[in-house]
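S.K.: Spelled out from the first residue to the last, the chains are:
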Amino acid sequence: MRRALGPIAVLLLLAGLDVALPRLINPYLFQIVVLCGINVILAVSLNLVNGFTGQFSIGHAGFMAVGAYGSAMFSLHVGQKWADALAAAHLPGAIATGLPLLAALLLGGLLAAAAGWLVGLPSLRLRGDYLAIVTLGFGEIIRVIITNVNAVGAARGLPGIPGWVDFFWVGLGVVAVIVVAVNLAHSTHGRALFAIRDDEVAAEALGVDTTRYKVLAFVYGAFFAGVAGGLFAHYLSYLNPNSFTFLKSIEVIAMVVLGGLGSISGSVLAAIILTLLPEVLRPVKDYRMVLYSLMLIVLMITRPGGLLGNRELRLPWRKRQTASGTGLA
Amino acid sequence: MTVATRVRLGCAGIVLALLLAGCAGTGKDELVIGEYGSLTGNDATFGQSTKNGVELAYSELQAQKQGRIGGLPVRFVVEDDQGRPEEAATVVQKLINQDRVISVIGEVASSRSLAAAPICQAAGVPMISPSSTNPAVTEKGDYIFRMCFIDPFQGTVMARFAGDSLHLKRVAILKDVKNDYSVGLAQFFTEAFTRTGGQIVEETAYSAGDQDFRSQLTAIKAKNPQAIFVPGYYTEVGLIARQARELGITVPILGGDGWESEQLLNIGGAALNGSYYSNHFAVDNPDPHLQDFLRRYKAKFGKESDAIGGLAYDAASVLFQSLDKLAQQDPDTFKGLASSKAGTSARKAAEKKLRDIIATTTRYPGVTGTITLDEHRNASKPAVVIAIRNGAKHYAATINP
Amino acid sequence: MSTFLQQLVNGITWGSVYALIALGYTMVYGILRLINFAHGDVYMLGAFVGLYTATWLRAGENPSLGHAAVVLLAAMLACGAIGIVIERAAYKPVRHSSRLSALITAIGVSLFLENGGVLLFGPDPRFFPQIVAAKIIPLGGGVTISNQQIIILGVSLALMFALRFIVLHTRVGKAMQAVSYSHTAASLMGISVDRIITFTFMLGSMLAAAAGVLVALQNPKIEPYMGVLPGLKAFVAAVLGGIGNIPGAVIGGLVMGVAEVLVTGYVSPTYRDAIAFVLLIVILLVRPAGILGKSQAEKV
Numbered sequence: 288m289r290r291a292l293g294p295i296a297v298l299l300l301l302a303g304l305d306v307a308l309p310r311l312i313n314p315y316l317f318q319i320v321v322l323c324g325i326n327v328i329l330a331v332s333l334n335l336v337n338g339f340t341g342q343f344s345i346g347h348a349g350f351m352a353v354g355a356y357g358s359a360m361f362s363l364h365v366g367q368k369w370a371d372a373l374a375a376a377h378l379p380g381a382i383a384t385g386l387p388l389l390a391a392l393l394l395g396g397l398l399a400a401a402a403g404w405l406v407g408l409p410s411l412r413l414r415g416d417y418l419a420i421v422t423l424g425f426g427e428i429i430r431v432i433i434t435n436v437n438a439v440g441a442a443r444g445l446p447g448i449p450g451w452v453d454f455f456w457v458g459l460g461v462v463a464v465i466v467v468a469v470n471l472a473h474s475t476h477g478r479a480l481f482a483i484r485d486d487e488v489a490a491e492a493l494g495v496d497t498t499r500y501k502v503l504a505f506v507y508g509a510f511f512a513g514v515a516g517g518l519f520a521h522y523l524s525y526l527n528p529n530s531f532t533f534l535k536s537i538e539v540i541a542m543v544v545l546g547g548l549g550s551i552s553g554s555v556l557a558a559i560i561l562t563l564l565p566e567v568l569r570p571v572k573d574y575r576m577v578l579y580s581l582m583l584i585v586l587m588i589t590r591p592g593g594l595l596g597n598r599e600l601r602l603p604w605r606k607r608q609t610a611s612g613t614g615l616a
Numbered sequence: 095m096t097v098a099t100r101v102r103l104g105c106a107g108i109v110l111a112l113l114l115a116g117c118a119g120t121g122k123d124e125l126v127i128g129e130y131g132s133l134t135g136n137d138a139t140f141g142q143s144t145k146n147g148v149e150l151a152y153s154e155l156q157a158q159k160q161g162r163i164g165g166l167p168v169r170f171v172v173e174d175d176q177g178r179p180e181e182a183a184t185v186v187q188k189l190i191n192q193d194r195v196i197s198v199i200g201e202v203a204s205s206r207s208l209a210a211a212p213i214c215q216a217a218g219v220p221m222i223s224p225s226s227t228n229p230a231v232t233e234k235g236d237y238i239f240r241m242c243f244i245d246p247f248q249g250t251v252m253a254r255f256a257g258d259s260l261h262l263k264r265v266a267i268l269k270d271v272k273n274d275y276s277v278g279l280a281q282f283f284t285e286a287f288t289r290t291g292g293q294i295v296e297e298t299a300y301s302a303g304d305q306d307f308r309s310q311l312t313a314i315k316a317k318n319p320q321a322i323f324v325p326g327y328y329t330e331v332g333l334i335a336r337q338a339r340e341l342g343i344t345v346p347i348l349g350g351d352g353w354e355s356e357q358l359l360n361i362g363g364a365a366l367n368g369s370y371y372s373n374h375f376a377v378d379n380p381d382p383h384l385q386d387f388l389r390r391y392k393a394k395f396g397k398e399s400d401a402i403g404g405l406a407y408d409a410a411s412v413l414f415q416s417l418d419k420l421a422q423q424d425p426d427t428f429k430g431l432a433s434s435k436a437g438t439s440a441r442k443a444a445e446k447k448l449r450d451i452i453a454t455t456t457r458y459p460g461v462t463g464t465i466t467l468d469e470h471r472n473a474s475k476p477a478v479v480i481a482i483r484n485g486a487k488h489y490a491a492t493i494n495p
Numbered sequence: 075m076s077t078f079l080q081q082l083v084n085g086i087t088w089g090s091v092y093a094l095i096a097l098g099y100t101m102v103y104g105i106l107r108l109i110n111f112a113h114g115d116v117y118m119l120g121a122f123v124g125l126y127t128a129t130w131l132r133a134g135e136n137p138s139l140g141h142a143a144v145v146l147l148a149a150m151l152a153c154g155a156i157g158i159v160i161e162r163a164a165y166k167p168v169r170h171s172s173r174l175s176a177l178i179t180a181i182g183v184s185l186f187l188e189n190g191g192v193l194l195f196g197p198d199p200r201f202f203p204q205i206v207a208a209k210i211i212p213l214g215g216g217v218t219i220s221n222q223q224i225i226i227l228g229v230s231l232a233l234m235f236a237l238r239f240i241v242l243h244t245r246v247g248k249a250m251q252a253v254s255y256s257h258t259a260a261s262l263m264g265i266s267v268d269r270i271i272t273f274t275f276m277l278g279s280m281l282a283a284a285a286g287v288l289v290a291l292q293n294p295k296i297e298p299y300m301g302v303l304p305g306l307k308a309f310v311a312a313v314l315g316g317i318g319n320i321p322g323a324v325i326g327g328l329v330m331g332v333a334e335v336l337v338t339g340y341v342s343p344t345y346r347d348a349i350a351f352v353l354l355i356v357i358l359l360v361r362p363a364g365i366l367g368k369s370q371a372e373k374v
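Protein chains in written order, with the numbering used here: chain A, 288 to 616; chain B, 95 to 495; chain C, 75 to 374.
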């Protein structure tokens with residue numbers, strides 16, 4: 288009974304915010320909040336790969352694209368029919384759209400996870416930068432394929448995706464990815480991942496199945512990137528391959544590194560900061576991206592370990608062990 | 095101070111800054127108009143030209159009417175979308191909800207207009223795209239307008255010109271696969287050209303940003319066409335022409351309004367001689383209205399205006415005229431557009447009325463031709479075909495809808 | 075057949091551009107293990123410096139090889155200096171941080187150069203004056219090559235051999251080899267590691283600048299974002315050939331150029347950007363060290 292209290296409280300809180308937020312802030316700020324949420328999911332999920340296992344993935348936008356297009360195609364061809372049928376059965380709107388959306392998000396996540404498994408396989412043989420280039424290549428290949436397939440709108444983009452995503456679903460995604468990441472960090476799996484990051488040879492010598500865990504990290508990371516993509520698709524109602532360029536992958540990496548490799552709360556914070564930063568910089572117009580890049584460089588020079596290093600932000604009323612061992616300096 | 099505290103303080107600072115920015119409304123009543131475009135990024139020149147065109151119209155409003163319409167001062171808010179569709183959606187949300195604009199001008203690229211249009215439609219804010227030619231843009235709803243013709247017409251124009259005036263039968267197509275505009279135009283050209291009995295002997299593609307087109311051109315050369323249709327942006331066309339000539343391809347190259355830029359001839363040089371493209375206006379059209387615009391544009395920005403700048407100028411002018419009409423016909427409703435009325439039902443009613451007035455734009459004497467909006471809110475106006483001879487653009491033909 | 079030969083000529087000249095950019099990547103990576111994402115942007119800066127020099131010389135009005143050489147040299151010197159500044163200001167401070175933060179710094183520098191370029195040069199593409207009059211040289215059987223293509227090929231090969239000479243036969247080159255094996259060991263031998271790294275950056279940036287001018291010679295459209303994709307693909311070429319390996323970078327570049335052109339001409343031009351990466355993944359899975367990889371002892 289007590290175990291169920293937490294999740295129920297979280298769901299109620301999300302539902303409450305879902306109702307309250309649109310009334311409190313205007314749609315522009317609301318959209319920023321949603322984009323913050325989506326970026327948090329992306330950053331935390333990439334942290335599973337880059338921060339936890341110390342692998343080098345720079346193709347996160349590719350997984351996001353797989354999830355976005357996969358879930359969007361599902362909703363356009365199947366989910367919409369489900370929603371209509373459920374609405375016809377006099378179910379309330381939130382449930383009638385929520386169930387097909389959940390299915391679409393899970394499908395998008397699973398497709399991306401499958402792609403993550405495929406990309407993770409080369410990590411059997413590749414290390415470090417080579418793996419990085421493979422993930423980069425994967426991201427580019429995905430984008431080129433999308434640009435060429437007419438069924439998903441090719442260069443014209445994919446319009447008309449049902450706009451089912453509201454704050455509740457983004458919030459749920461954020462909570463899910465954080466819960467999974469925190470639990471992973473404290474599990475044997477997590478310890479194995481940290482061991483691989485700190486010293487792969489030593490980890491292997493101690494009997495850690497490094498290959499399995501590395502692929503596992505990829506699959507987890509890709510799944511949530513796919514979910515983030517699905518949320519993005521169903522929030523914006525329009526997809527275009529230009530949204531999933533190498534630059535998007537870079538943005539997510541910047542969030543992870545800025546927050547601190549291996550630090551979940553750091554990723555959350557950095558994702559929020561880096562989503563807000565370009566908006567705050569809007570008034571300076573043409574200088575915006577120059578300032579953004581300069582800040583990135585200066586931050587890396589002054590705080591190379593990221594804002595939080597590999598520590599976690601602790602809530603003042605709750606003392607907990609740090610999520611990781613010594614980690615990267 | 096621990097790291098955590100500092101981080102918390104930093105975050106609080108940013109959130110505070112954002113909230114303050116959100117509340118920074120000005121006290122006095124005014125008409126706020128939004129404009130968004132790609133001021134940076136790969137297509138930055140489109141965004142810059144659009145901004146210049148709008149700026150020119152605005153500076154004239156200031157000179158002639160002290161920048162006022164119906165007694166209220168007009169203010170523009172310009173936002174950059176970096177050429178990214180999701181950024182376009184965000185900036186339009188910002189314009190509508192943060193700056194409380196009464197109308198939005200933008201975008202050039204159809205993909206960005208498509209991302210922004212549903213937001214304007216849902217908010218009931220009229221959006222005027224100066225130069226998105228993809229038909230789907232105005233299909234997003236009755237608050238979405240455009241100042242240019244649409245791709246099916248433009249494709250027909252070039253197909254008719256190639257078949258009737260140039261008497262061509264075998265044409266090859268080289269399109270930009272990354273560009274929705276180019277893909278659409280290639281398709282409409284193919285449909286119209288094959289209908290008139292022509293034949294597409296080879297259809298191949300490139301991606302915007304490519305520098306080397308020799309292998310596509312070599313493949314095209316092997317098919318021996320009478321002309322090559324390149325419905326891309328001017329940025330690549332000049333290089334394509336040069337490389338075609340280097341490979342010994344001498345046939346004319348045909349294109350669409352994406353060619354329109356003062357840079358076209360700089361990059362393509364003599365290689366473009368004998369080529370044709372369809373456009374919104376011809377700079378050597380003696381129409382005094384157009385020549386006057388071109389002179390003023392050059393005086394203000396120090397460079398030749400392209401059609402994008404002209405269309406943006408027309409978009410802003412049509413909007414000013416519609417606002418003016420509303421202020422005269424129905425001063426009470428017009429007051430709803432004042433910035434202090436944002437979010438009220440008076441604003442909603444005024445927006446509705448403004449939409450109706452824009453929709454009835456007929457025979458407006460724009461610099462890019464006489465503009466009449468049809469029932470699908472597209473400008474129906476003739477296209478001109480420009481011939482390039484001896485390194486200069488010359489008016490070749492007008493083709494009516 | 076003539077079509078195929080023409081495609082081969084196209085591929086080799088285009089590939090030599092990749093090779094030239096890849097050389098800089100491979101050197102920096104060999105010494106620092108850093109993917110210098112800003113390398114493609116230095117290539118862009120090279121083209122712009124060339125543009126301004128050519129305009130200043132009025133080289134467009136009376137094209138000559140002498141002018142072209144001056145423009146090339148000016149771009150290489152200016153970008154060599156820029157390379158030194160970038161290394162000292164941005165990369166040196168993060169040299170001892172994690173690899174990822176160094177990578178982010180490189181990405182930051184890349185974004186800075188691109189967006190700064192937009193501010194400085196304007197977003198419009200610029201036209202590079204014709205500093206060498208174009209001549210078409212028929213090779214027989216309908217196959218043609220332009221004198222500009224020959225210049226690209228010739229200068230690329232000359233620079234490659236010059237680089238090879240520096241690395242193999244000069245003191246500083248030997249020091250570079252030593253540093254690439256081990257920073258610590260090299261510094262114990264009395265080599266100033268900092269200096270060697272800066273020197274490497276300078277050399278790499280000069281090569282990128284040369285590539286920028288050479289490409290602009292033939293494809294005279296230059297703009298601030300022109301370095302992004304060629305930079306990325308040149309890096310792929312460097313990996314393909316075996317990163318850290320000078321002849322490998324050249325072979326990788328040529329293989330990429332030819333593969334891209336053949337895919338464009340015979341499969342589908344729309345998959346051109348993908349083929350580079352498909353090729354890369356296949357090579358890495360079959361032969362992770364790249365084509366020449368570790369089979370050669372020389373490593374920079």
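Read the hints as simulated data drawn from the structure, not as lab findings.
Do not take every clue at face value.
[As the list claims (entries may be wrong)] Examples of chain A residues toward chain B, derived with CB under 7 Å:
id, residue
1, 309
2, 313
3, 315
4, 364
5, 367
6, 409
7, 437
8, 442
9, 443
10, 523
11, 525
[Claimed, not checked] Just a few of them, taken from the derived set where beta-carbon distance is under 8 Å, the chain B residues facing chain A:
id, residue
12, 133
13, 178
14, 183
15, 184
16, 212
17, 215
18, 258
19, 259
20, 261
21, 272
22, 295
23, 344
24, 445
25, 453
26, 494
The beta-carbon is built from N, C-alpha and C at its ideal position, and this holds for glycine as well.
S.K.: With reference to the structure, classify each hint as holding or not holding.
M.R.: Going down the list of hints, with the structure as the test:
With its C-beta approaching chain B no nearer than about 11 Å, residue 309 (chain A) sits outside the 7 Å limit, and its interface hint is violated. Interface hint status for residue 313 (chain A): upheld, as the beta-carbon distance to the closest one in chain B is roughly 4 Å, under 7 Å. Look at residue 315 (chain A): its Cβ gets to within about 4 Å of chain B, closer than 7 Å, so that hint holds up. The closest approach between the C-beta of residue 364 (chain A) and any C-beta of chain B is roughly 19 Å, which is over the 7 Å cut-off, so the hint fails.
Look at residue 367 (chain A): its Cβ only gets to about 16 Å from chain B, farther than 7 Å, so that hint breaks. Nearest Cβ of chain B to the Cβ of residue 409 (chain A): about 26 Å, over the 7 Å cut. The hint is violated. The restraint placing residue 437 (chain A) at the interface with chain B is violated, with a minimum CB-CB distance near 9 Å, outside the 7 Å limit. The interface hint given for residue 442 (chain A) is met, as the beta carbon of that residue sits about 5 Å from the closest beta carbon of chain B, less than 7 Å.
Interface hint status for residue 443 (chain A): upheld, as the beta-carbon distance to the closest one in chain B is roughly 4 Å, under 7 Å. Taking 7 Å as the C-beta contact cut-off toward chain B, the hint placing residue 523 (chain A) at the interface holds, the least distance being around 6 Å. Taking 7 Å as the C-beta cut-off, the interface hint given for residue 525 (chain A) holds, the closest approach to chain B being about 5 Å. Below 8 Å, beta-carbon pairs count as interface contacts, and residue 133 (chain B) has one with chain A at about 6 Å; its hint therefore holds.
Below 8 Å, beta-carbon pairs count as interface contacts, and residue 178 (chain B) has one with chain A at about 6 Å; its hint therefore holds. The closest approach between the C-beta of residue 183 (chain B) and any C-beta of chain A is roughly 6 Å, which is under the 8 Å cut-off, so the hint is satisfied. Given hint, residue 184 (chain B) at the interface with chain A, holds; its Cβ is 6 Å from that chain's nearest Cβ, closer than 8 Å. At about 6 Å, the closest approach between the beta carbon of residue 212 (chain B) and any beta carbon in chain A falls short of 8 Å, and the interface hint on this residue holds.
Because the beta carbon of residue 215 (chain B) sits about 11 Å from the nearest beta carbon in chain A, more than 8 Å, this interface hint is broken. A cut of 8 Å between beta carbons decides the hint on residue 258 (chain B): the least distance to chain A is about 30 Å, and the hint is violated. Look at residue 259 (chain B): its Cβ only gets to about 30 Å from chain A, farther than 8 Å, so that hint breaks. Nearest Cβ of chain A to the Cβ of residue 261 (chain B): about 32 Å, over the 8 Å cut. The hint is violated.
Evaluation of the residue 272 (chain B) hint against chain A yields a held restraint, the C-beta minimum of about 5 Å falling below 8 Å. Interface hint at residue 295 (chain B): violated, since its Cβ lies 22 Å from the closest Cβ of chain A, which is beyond the 8 Å cut-off. Nearest Cβ of chain A to the Cβ of residue 344 (chain B): about 31 Å, over the 8 Å cut. The hint is violated. The beta carbon of residue 445 (chain B) is not positioned within 8 Å of any beta carbon in chain A (closest approach about 16 Å), and the interface hint is therefore violated.
Nearest Cβ of chain A to the Cβ of residue 453 (chain B): about 23 Å, over the 8 Å cut. The hint is violated. Taking 8 Å as the C-beta contact cut-off toward chain A, the hint placing residue 494 (chain B) at the interface is violated, the least distance being around 28 Å.
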